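Novice: Letter by letter, the chains look like this.
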Amino acid sequence: MTEYSRMAKGRFVSTGAAQIVNLPFVPDYVEFINYTASASGADNGVPNAHWDALMGQGVAVIDRFQAANQLTTDTVDTLGISTFTAGQMLQYGATQVVGGITKANPAIVTVTGHGYASGDVVIFQNLYESATTGMPQIDGIPFTVTVIDANSFSIPWNTNQTAYTAITGGATGGPTVKKVLYPYLYAPGVNIISAITTGSTTTIDTTSAHNFVVGQEVAIRMPQVQGVSPTAWGDSRYNSLPNSLTPGSPQYGYVIAVTDYNTVVVNINSTGYTAYNSNIPVANVSGLSYPQIVAVGDVNTGGVQISSGSALYPPPFTRPIGNTTVNTINGPAIQGAYFNNTSQGFIIGAGAAEGDASAILVGAAEDVIYWRAYLHDLSIPQ
Amino acid sequence: MSGITNTGNLGPMILQSLAPAMLYVPTPTMNYITVCDKVSMPANGGTTCRFMRPRALTPPTIQLGNSGIDPPAQVPQRDIIDAQMAFFGTGCIINEQVILQDQEGVLAWVSERLAVAMRQAEDLILRDYIVSAASQINAGGGSNGDNPTNLGITDFSLVAATLDTNNAYKFMSGIEGMDRFGTGPVRSSYFMLSSTELQADFDGLQGSGFLSQWNYPTNASALPSEYGNVFNIRILTSSEAPVARGASDLGSDVYYNTVLGKQAITHINQDGYSMNLIYRDPYYSGMLAQNATLAVKFAQAQAITQDTAIRNLLSTRSSSLGV
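Chains A and B, in that order, are what the protein sequence lines are. When we follow my numbering, the leftmost residue of the first sequence carries the number 1, and every step to the right adds one. When we follow my numbering, the leftmost residue of the second sequence carries the number 1, and every step to the right adds one.
This is chain B alone, in the form it adopts within the complex (with noise of 0.2 Å):
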């Protein structure tokens, strides 16, 4: 069986290929900053952000009468609301032997993970600022003796039933039934922010009120990260939700399920100083070292500016977590 030419007399002078693809990056859904309220303060604005909220004044459901004489005029009141702006950053220094040798395009990747980095930042900030900010219901309605428990059907009622009361305004109109098989109208709701690793419990709600996204009439309203609703709750998933590991009662995980109206959440940026990508080609860093230096940059505040639409409902979880 001689004479036969194969790669081991004959191997390839290069044996490495840069796959044309670059894999992906697993990167978490931004759920946060879907649901604020946008503001840009001007240039030369200050450092802080006032927002004006007036109070309504009282309704005049007591007759005149007929004696000519006015009732007293109301004295007009307002809220005001504070928010000082922060600027954030990072960057890398990259050698010109890199940019000169690697195969890949580095400075166009580095950017976009610098890109997607802030992006991250953004939403990672009003998270952990919600949770600092926001009030609390625990969850009680679940069975697990915990407390929070994990989330029941009448929790979902309650939080609702709170923003309800506090006349906050619904994020989403309904989607009203079609004549599908295993699908149901979807009521008007507000926006839960939770975390996928409550998605088997959410699952388990089924047939109690929740209704998976693929269960609406039509999904056209569906947001990408959404997975489903109950009564007049949505509920977007995102694995970077806030989790309290261990901090229950009993020492189990406890979940902060941001549930939210419209206009709860403000994010402010500074005229337009939402992301800035600052680039210096290789430049002299020494007597022959030559660096690129690549960063991004950005400015923002937030403020719970409807604090009567905005409640964290906090919950353990029933199920088992996956790994």
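In isolation and in its complexed conformation, chain A is listed as follows (with noise of 0.2 Å):
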């Protein structure tokens, strides 16, 4: 009974941090070894672990170190190894109570036992507070999380203005976040605008990862709000609506530099354009449109620039936080090209011993941890 189970190994280096296997199935069974920690054999390696389907999601069965090269057997709880099936988007995880969030440059967000990554998107709800209190004007915008510690973490958004109002949650129906699952199915998107610098050229932040390359042709949304001083969002001339010296051709501009996950240089001259403006009071919030960043295409280089050790057409990737890119499952392209970043396998969480807060499941950084995942054909649930 083995024609069409499946079987899949292979090796990661261990960042600390949650790890995504991508496969071309949902394993019903997963087992690891973790090569650092059985050599070294310190207290609260995680050696090996194992999880079957019928656990549940998020949970792993291990051994770990008690002492120094001492055995103990042990289970992870949250966290733990789960599949996932990223091919559906609008997706949500739970909701959680925001403590608070302060008025800041980027604002930190207080949620007690997050368990939030770094470069994993949330949304927040229900920040209304009166008319004029409050910090609506973020509710419903994808934020790229980068986190401080267990409770805390920031979002790329400047909330120190004098129509934000602290936010002092907790209480059960009031402020909410929730993670959008899988943010960047097809890629490269539509990127909200948090932050833009006028020049010869114009500096964008997006709220979350723009996944832009070098030479993507970009447009701007830039969406009026009656009745806002100085204007918000900014000046209407970052619109690629029609440029009325020439009927009928949009206004793009190209990306000459990406600083990182959430910053593109564009060639856009904005000297003298009005500053970028966020300062929207909450009265205006109801039916409030955001500034946009938006791919309409590509540059005609026929693919990356080649230089030492370089793969002239590798895969296409999303950088979700930082410089880090991932590539996605999909083949060689030509950089810039809209690609479906859609993916199945499995994920080793960080989450902790049941016994023992220290012993991680995914290991420490640079731990190195040889896989393997099963699909079996013949599956008798009990």
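Bear in mind the hints are in silico, worked out from the structure with no lab data behind them. Note that the structure is a prediction, hence the values are computed from the model and not measured. Please note: incorrect hints may appear among the correct ones.
Covered stretches of chain B, as calculated for chain A (at least 3 residues, CB under 8 Å) [unchecked claim]:
#, stretch
1, 77 to 88
2, 134 to 147
3, 240 to 248
4, 298 to 305
The beta-carbon is built from N, C-alpha and C at its ideal position, and this holds for glycine as well.
Mind docking these for me? Both chains are given alone in their own frames, and the hints should help you get the complex.
Specialist: Below, the structure is given as structure tokens:
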């Protein structure tokens, strides 16, 4: 009974954060050996772990060292091993209560035991407090989080403005946050702008990963907000509406530098343009549209520049945080092409052992992990 | 009363008979593929389909004068849009005993379901791509105080005006009014791909601008999923239209109403590889097992080819949902 079973194995070097492994199937059994932890035998190491689909998502049965070279058995009950199928968008994780959001740039969010990793994308809700207070301006916007600690993270938005009131939530029914499970299924996508620096070139910050590459042709959408002074969000000349000088010709720009996951420099000369203004009063939030930057085309380069050791046509990639790139499972592509980033497989989480909070399933940074994944022909539920 | 033979004392030898007609499978209407441009990449054409769109040249509105000197030449420019091909597929493994013993034509109806699943996949891929990549306008014309609001009549005007200002091409020409009670003329229109869950909201706009398909002077040009018209927009509804559940400011569902003109989205297949049904008859699968396989496979890429001709009009809902 093995003709249709699926088996796969591989290796990765742990970063200490949850590790995603893409496969052509969703496994029902996963096991791994942490070679580094096994070799060292150091206290708190997790030399091997097992997971079966019947155990449920996000758990694992592990061996761990309770003292040097002294093994015991244990379980990981949350953030263990789980499977995923990233093939339909608009999926969200569990709703969590927001303890607070500071007036700062970037804003700092407090959520007790949030469980997020840097690069995760979240949306907020119920930040409205009254007709003049709260932060409903950022409700519904996808934000990439940068984790500060287990209970706080930052988001790329300036809330240190007069129209924003610090959120002191914490109550059920109040402000909430939830994770966007698969934010980059198709790329490059539409991005909400969080800041603009004007000049002979224009630097644009986005609220989540833009996934642009150098040479990407982009357009800016700058919606109007009636009755806000100075002009919100920004100068209407950014818009790619047909140029009044050349009717019928939209105005586009090219990405000339990618600073990091949420910052690009575009060759639009915005010298003298009205400064970007996200200080939108709460009263204007109902029906508020957001400034966006979208991909509208690619450069005519025919591929990436060839440098020593580089592949001519690497697979397309996303850049979820910092300058870390994550390849898709698809084959070679011309950079900047619209690509499908759907995938499936399993995740080895960074959860802690039930009996020892310092024993982390995915190990420490630089640990070498060998994994095997199975999908069985014959599986008999109990 | 003895002596009466009934099914209590003389029951049928065989208690079951398969009804001749298969029951229908509830299937959403697939609107996204309907409104796409279709392009086929040639065989051996690589992984990426490239589109080219020339840019307009500056109209020469300045008189030449009598100097005899030509004005400087213009350099033609073009925009390049690339889309990377991806392959998709699924299948079923059917043991020979099923084919041998089951009364119905298993291979026939499984083939049909695979084909429908594949067509749905095409549509869902397009749907999710449009949600990911098309720019957005939040509805603000409604009255529910959320962000986005429910759809107000001004939202239809705003989004159509945006596309008109971008010189987008409308899909449908208008329908002239006729002397038929209860009908009204229909303007030339863009399409809006919307959710069946919003139909009650559209009905609520009757009298303010919404015209049901059944109030068109003639619905000869109406599509099967067409619900009606508001100003320059004809609305196609489907149960698979994208909804971000509980994602609004106030925790309501957010609907992605895609408004688009011609050539806004292009669907690309590779050399007719739009659908391959792959059948292998019962075959050695072990010492005794003989299994047939039925599978479908297709190649697809998609691109926003006229970004100026598409907007997602995000909205919440004013009416309650049925269940």
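Novice: If a hint holds in the structure, say so; if it doesn't, say that too.
Specialist: To see whether the hints hold, each was checked on the structure:
no. : hint       : result
1   : 77 to 88   : holds (count 8)
2   : 134 to 147 : holds (count 12)
3   : 240 to 248 : holds (count 7)
4   : 298 to 305 : holds (count 4)
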